[in-house]
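Trainee: These protein sequence lines are chains U and L, in that order. Residue numbering for the first sequence follows the numbering used here, beginning at 1 and increasing consecutively. Residue numbering for the second sequence follows the numbering used here, beginning at 141 and increasing consecutively.
All clues given are correct.
Here are the simulated SDA-like cross-link-like pairs (lysine to any residue), alpha carbons at most 20 Å apart as the crow flies:
| hint | chain 1 | residue 1 | chain 2 | residue 2 |
| --- | --- | --- | --- | --- |
| 1 | L | 164 | U | 66 |
| 2 | L | 256 | U | 21 |
| 3 | L | 256 | U | 20 |
| 4 | U | 2 | L | 159 |
| 5 | U | 30 | U | 11 |
| 6 | U | 2 | L | 152 |
| 7 | U | 33 | U | 8 |
| 8 | U | 2 | U | 56 |
| 9 | U | 33 | L | 146 |
| 10 | U | 116 | L | 264 |
| 11 | U | 108 | U | 89 |
| 12 | U | 30 | U | 15 |
Covered stretches of chain L, going by a simulated chain U footprint (3 or more residues, C-beta under 8 Å):
| hint | region |
| --- | --- |
| 13 | 147 to 160 |
| 14 | 264 to 270 |
These are computed hints drawn from the structure, not numbers from a lab. Predicted, not measured: the structure shown is a model, and the values here were computed from it. Beta carbons are placed, not taken as given, at the ideal position from N, Cα and C, and that holds for glycine.
Below, each chain spelled out in residue letters.
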Amino acid sequence: MKFLCVECDQQMAFAERALPGDGTLAATFKCPKCGRVVAMLTNPMETQLVASLGVEIGGRTVPAEPFEMVRTFVTDGRPDGQTATPSWSVDAQERLARVPSFVRGMVKRIYADYAKERGITEITPAIMDTARAELGLEGM
Amino acid sequence: MRTYHQLTDPDRSGLGDQIGAQRKRVAERLAAVRRIVAVMSGKGGVGKSYVTAHLARALARGGRGVGVLDADLNGPTIPGLLQVPHTAQPPAIGLDGVKCISMGHFLDEGAPLAFKGPAAESFVWRGAMEASALREFLGDVEWGSLDVLLLDLPPGMQRYSELCDILGNAPAVLTVTIPTPESRDAVRRAMRAAVEHGSELLGIVENMVGGELKGSAGDDLAAEFGTPVVARVPWHPTPETWNRLAAQL
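Bound conformation, chain U alone (with noise of 0.2 Å):
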């Protein structure tokens, strides 16, 4: 995978990889030329492509460890993907308070739903920003 700068037909070199959360893989990429920067974000099910491979972006630091891949991602027996129900960050809750006591639990289920199906362990206001937005809940 490599990436062009357009505007100066120049090859970009990575700089960074991070796990920002909620399932992403973001890897930066600088135009040595003008400098500027672009992030590729990979969504839950591509980062776990990857993983699956037993490759990392931006090349290996350390050798694997022996069984790496089955250590890290074999489950106690819960079905594909399904995780520990997500916690709350503060922020979260906060917002969450704010919703209409008789609706909140159905809210509150909802965006717990959302985070399960997709892997994610916290639920923070951007990730109910982007739940309303995919799943249509403005007003949420």
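Starting from the known structure of chain U, fit chain L onto it as the hints suggest.
Mentor: Positioned in the frame of chain U, the structure of chain L alone reads:
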């Protein structure tokens, strides 16, 4: 717009090199294994794991260094057949000194194989995860010097194909069938695939002979593929049954 190969600076990720390093790790690990034999069928319920475990034990009793890789990731039975403690670290040592690796070592008792990850569309990545687990089993177990490594394959051909890709060549194959025509037809497909991949056919084990199961699958397949029936295993085999089979490998 330029193409990938027109950008000549190295790709820092080097995914191709990382895959190459994985292959090298497998090759180096298996360099001390004299012979790799895949026990396969293409048909479920014919006793592949049972045959594999008892063949391994017979080979070990005959003084050979033997390992078993349980490639049935979703239904691991080798630890039970070799009476390996659930908590044993791979390679575990089972009955008669047979070494083994199995997904059973990594799962809680009775738990199904499942992976962490996004639940939505898990079918997209699950197969890749299983192939990666097989690669780790092949590349990460410190077998030491072995005369024979038996690979106990699940029903179907997917794992066999993955195995050929990971090994970089097609392993020798020992085929297991039961006498019925239904088994013969399913096993025929598997044997054809094995031949097309270039596997050496070591022979056919006809299992569950002498009971209610009627047919001549062993002889039919032997004639069709020009490979011998190396064992006919009755419902209640004795150690001698397995010793005779081991002597032919």
